[in-house]
Amino acid sequence: MITRFLHIFALFFLLLLTNLAFAQNKILVFQSDFGLKDGAVSAMKGVAVGVSPDLKIFDLTHEIPAYNIWEAAYRLVQTVPYYPAGTVFVSVVDPGVGTARKSVVLKTKTGQFIVTPDNGTLTLVAQSLGIEQVREINEVKNRRKDSEKSYTFHGRDVYAYTGAKLASGAITYDEVGPELPKQVVEIPYQKASLENGVLKGSISILDVQYGNIWTDIGDDLVRQSGAKYGDVLHLQIFHQRKKMYEGDAPYSQTFGAVTVGKPLSYLNSLLQLSFALNQESFALVHHISSGNEWSVVVTIQKAK
Amino acid sequence: MITRFLHIFALFFLLLLTNLAFAQNKILVFQSDFGLKDGAVSAMKGVAVGVSPDLKIFDLTHEIPAYNIWEAAYRLVQTVPYYPAGTVFVSVVDPGVGTARKSVVLKTKTGQFIVTPDNGTLTLVAQSLGIEQVREINEVKNRRKDSEKSYTFHGRDVYAYTGAKLASGAITYDEVGPELPKQVVEIPYQKASLENGVLKGSISILDVQYGNIWTDIGDDLVRQSGAKYGDVLHLQIFHQRKKMYEGDAPYSQTFGAVTVGKPLSYLNSLLQLSFALNQESFALVHHISSGNEWSVVVTIQKAK
Amino acid sequence: MITRFLHIFALFFLLLLTNLAFAQNKILVFQSDFGLKDGAVSAMKGVAVGVSPDLKIFDLTHEIPAYNIWEAAYRLVQTVPYYPAGTVFVSVVDPGVGTARKSVVLKTKTGQFIVTPDNGTLTLVAQSLGIEQVREINEVKNRRKDSEKSYTFHGRDVYAYTGAKLASGAITYDEVGPELPKQVVEIPYQKASLENGVLKGSISILDVQYGNIWTDIGDDLVRQSGAKYGDVLHLQIFHQRKKMYEGDAPYSQTFGAVTVGKPLSYLNSLLQLSFALNQESFALVHHISSGNEWSVVVTIQKAK
Numbered sequence: 000m001i002t003r004f005l006h007i008f009a010l011f012f013l014l015l016l017t018n019l020a021f022a023q024n025k026i027l028v029f030q031s032d033f034g035l036k037d038g039a040v041s042a043m044k045g046v047a048v049g050v051s052p053d054l055k056i057f058d059l060t061h062e063i064p065a066y067n068i069w070e071a072a073y074r075l076v077q078t079v080p081y082y083p084a085g086t087v088f089v090s091v092v093d094p095g096v097g098t099a100r101k102s103v104v105l106k107t108k109t110g111q112f113i114v115t116p117d118n119g120t121l122t123l124v125a126q127s128l129g130i131e132q133v134r135e136i137n138e139v140k141n142r143r144k145d146s147e148k149s150y151t152f153h154g155r156d157v158y159a160y161t162g163a164k165l166a167s168g169a170i171t172y173d174e175v176g177p178e179l180p181k182q183v184v185e186i187p188y189q190k191a192s193l194e195n196g197v198l199k200g201s202i203s204i205l206d207v208q209y210g211n212i213w214t215d216i217g218d219d220l221v222r223q224s225g226a227k228y229g230d231v232l233h234l235q236i237f238h239q240r241k242k243m244y245e246g247d248a249p250y251s252q253t254f255g256a257v258t259v260g261k262p263l264s265y266l267n268s269l270l271q272l273s274f275a276l277n278q279e280s281f282a283l284v285h286h287i288s289s290g291n292e293w294s295v296v297v298t299i300q301k302a303k
Numbered sequence: 000m001i002t003r004f005l006h007i008f009a010l011f012f013l014l015l016l017t018n019l020a021f022a023q024n025k026i027l028v029f030q031s032d033f034g035l036k037d038g039a040v041s042a043m044k045g046v047a048v049g050v051s052p053d054l055k056i057f058d059l060t061h062e063i064p065a066y067n068i069w070e071a072a073y074r075l076v077q078t079v080p081y082y083p084a085g086t087v088f089v090s091v092v093d094p095g096v097g098t099a100r101k102s103v104v105l106k107t108k109t110g111q112f113i114v115t116p117d118n119g120t121l122t123l124v125a126q127s128l129g130i131e132q133v134r135e136i137n138e139v140k141n142r143r144k145d146s147e148k149s150y151t152f153h154g155r156d157v158y159a160y161t162g163a164k165l166a167s168g169a170i171t172y173d174e175v176g177p178e179l180p181k182q183v184v185e186i187p188y189q190k191a192s193l194e195n196g197v198l199k200g201s202i203s204i205l206d207v208q209y210g211n212i213w214t215d216i217g218d219d220l221v222r223q224s225g226a227k228y229g230d231v232l233h234l235q236i237f238h239q240r241k242k243m244y245e246g247d248a249p250y251s252q253t254f255g256a257v258t259v260g261k262p263l264s265y266l267n268s269l270l271q272l273s274f275a276l277n278q279e280s281f282a283l284v285h286h287i288s289s290g291n292e293w294s295v296v297v298t299i300q301k302a303k
Numbered sequence: 000m001i002t003r004f005l006h007i008f009a010l011f012f013l014l015l016l017t018n019l020a021f022a023q024n025k026i027l028v029f030q031s032d033f034g035l036k037d038g039a040v041s042a043m044k045g046v047a048v049g050v051s052p053d054l055k056i057f058d059l060t061h062e063i064p065a066y067n068i069w070e071a072a073y074r075l076v077q078t079v080p081y082y083p084a085g086t087v088f089v090s091v092v093d094p095g096v097g098t099a100r101k102s103v104v105l106k107t108k109t110g111q112f113i114v115t116p117d118n119g120t121l122t123l124v125a126q127s128l129g130i131e132q133v134r135e136i137n138e139v140k141n142r143r144k145d146s147e148k149s150y151t152f153h154g155r156d157v158y159a160y161t162g163a164k165l166a167s168g169a170i171t172y173d174e175v176g177p178e179l180p181k182q183v184v185e186i187p188y189q190k191a192s193l194e195n196g197v198l199k200g201s202i203s204i205l206d207v208q209y210g211n212i213w214t215d216i217g218d219d220l221v222r223q224s225g226a227k228y229g230d231v232l233h234l235q236i237f238h239q240r241k242k243m244y245e246g247d248a249p250y251s252q253t254f255g256a257v258t259v260g261k262p263l264s265y266l267n268s269l270l271q272l273s274f275a276l277n278q279e280s281f282a283l284v285h286h287i288s289s290g291n292e293w294s295v296v297v298t299i300q301k302a303k
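Chains as they are written, first to last, in numbering that gives the first Met the number 0: chain A, 0 to 303; chain B, 0 to 303; chain C, 0 to 303.
You may find that some hints are simply not true.
Identical copies carry no separate label here, and so any pair may be met within one copy or between two of them.
[To be verified] Mimicking DMTMM-like on lysine to aspartate or glutamate, the simulated pairs with C-alpha atoms at most 25 angstroms apart in a straight line are: (1) LYS106 <-> ASP53; (2) LYS106 <-> ASP145; (3) LYS227 <-> GLU185; (4) LYS301 <-> GLU178.
Just so you know, the hints here were simulated from the structure itself, not pulled from any lab data.
Using the sequences plus the hints, can you model the full thing?
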């Protein structure tokens, strides 16, 4: 009798542990180009918390410029690796809402999930973290009830709903829908290179708050180039073929290494070669922007 | 002995279940015109989490234009229905803070609660979701301790505090304060109509992030008008009596149905007739704004 | 046998209670000058939730103007007191990231913790809430794994990580690092005074959303000055030595006490003497800003 009781007790304890273990996977992170001025983001969260009140809901950003898939892709790769495996991201930058683009959930090799239209948003995450699996969302099963009449808010009715069901464990990854080939729609972009000691790359993005210039040249290439802290990097910036800026930027560990307003080069928080003015905006002062049409050429002048 | 033990065990288990059931109602959603640049919103959340650390706290928006009660009303009706019954909203757009307007908690017929000054904020939610009950907040009982000297931050000292106590179950709805008649202060506005095949309505609001035009003409009226996808809607926009825009907008299920920059008409995520330029801003391009002074007249040209 | 079993049961129950007690201290609040347009804030939260999924994570604000340590200090003192004892704040406004400024955790006398570079950010909280203890972060122990190559994102790799470990109970306050003397780096500023019935002070900050003028003259000084609601305050505003504004502002409990567009004086939500135009922006209309160079001189004209 006691023994049977102990069994029940152990079972109950296990159940509790299982629940706690589940709790570790209930993280849901939203990204969109909706902005925060209206109720759209909040409606998505309402749908999610209606699926499960135990979700831990976070924002990546909702200030992606409208329809800018490239920036959505970039913000994901900047953020996804810092969340634990099992986290579910919902990214809704979807100029083709309601058209033929597929709605998918990518599982990265590092164990995070991304729910999104397959329109290029996954370009950088797929390349950087690797594709474990891609599944197409079964929109008959995984769609909020009574939402069939609305064609224009898949973010709320399909993506938030599916993301919440997946994150909460209400459905397994398999239940999202049928598996697709391990590939995603990719936005083409110029990749960084090192040739004859010259670093070339594109300006992936601006560090918008500060106006710093972030390139796609990673720390590996910089190391191979032989650049060391204390060297001076000679920087040229081109928009298409036109030279927009040329100057020297000491390669530094900290912004404080140069006086206020002076240029420096450094590895940013993603360990990519970046350029800044100490406490001023490089982008504003020198009229630099980001994207495929913006490229950099960097040569190294060794410290003596 | 064993039996008594089982009883204790069962009781304990029930207690646990009850707690879990409670957890489903601990959702608290904030809206205000405070913006996110200072500490005001965060202070409200601090007060709430001090009442109960178990609350699940969300934002609707804090970017309501200062003192704009109409927009506060609109954002509520856009969002409240997507949160589960039992959710408590706290809306603080309160140009009359400290004056005679009543502080109330409305319970909708769908089971959500809204804590707000009764200054018109409840206009649309009351009409759309129905009034189950209205109670006036007893500000002697339901007021943060040591806040008697501050007359200007009811959002923190009364509304956030009361909302948190209600959401967490520390007080019942009855304990909010005395019941009032089932009515709220309403902002007058022109309602949508269909006469002789002509749809008339006002521009309730702009879809600010994209510049789309949202009217108050619902899908029921559109259906009655006989409009079908593929028809062309002929749109006139007036500011007071002056015509500001006239043109054709194909009635479409998706934005992609017209080429970039071209106008279309569609049902928005709230199933209201809306007008947009594909991937451009109708409002900016044609200088259109929203509010009672902006009206639309729409006729239907059937597809052949 | 039964007795032993009851012991196990009681132990298990205690464990559960302890966990619930812990849960009350797991509040983590972030402030920065990062803005919300990119993934930086979200990456900090990802690191935190990776340390412990049970954290309750909030924002103070991320819209501190870039590098503005004074405003960071002000927003903390405006918000920290409204969160329960045990709450951990992480504030990252850090123009000297990677340089010699110390990384510290202050414990206030009211029991909140603030994780921050010691660069002036703690000026006002230390003066207002008192210093219980200051500890320097041991950056060898309390640093995210594999982050040694990144020198420019201490917010994510050190501050968010340490704040999350502290808030979740993974480390005690002692384990943050060695204790320092009970002092912090302070930004000098002019303090409020009352002399011969004349109130003097500085404009600490603007209530940015509304354009109200907030001084550092507290309600104690106002009470000592003899001002009562109904009196008229005569206000002069100076920028350095130059007079920028002079006028009368009735001392009121509510904004509605004067007609729209008219000036009034009042105690703000922090009980400091403030000036506003009812439903308009004092700062915009009269070109007033905030900071040490902006001072006010106030005399009282008693109501008859």
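Going down the list of hints, with the structure as the test:
For the identical chains of this complex, LYS106 and ASP53 are neighbours both inside a copy (22 angstroms) and across copies (24 angstroms), given an alpha-carbon limit of 25 angstroms. In the homo-oligomer, the alpha carbons of LYS106 and ASP145 lie at most 25 angstroms apart only across protomers (23 angstroms), although the nearest pairing inside one protomer, at 29 angstroms, exceeds that limit. Taking the closest pair of Cα atoms, LYS227 and GLU185 never come within 25 angstroms of each other, the shortest separation being 34 angstroms inside a single copy and 36 angstroms across copies. Taking the shortest Cα distances, LYS301 and GLU178 never come within 25 angstroms of each other, neither inside one copy (52 angstroms) nor across copies (42 angstroms).
When the structure is compared with the earlier hints, violations turn up for hints 3, 4 and for no others.
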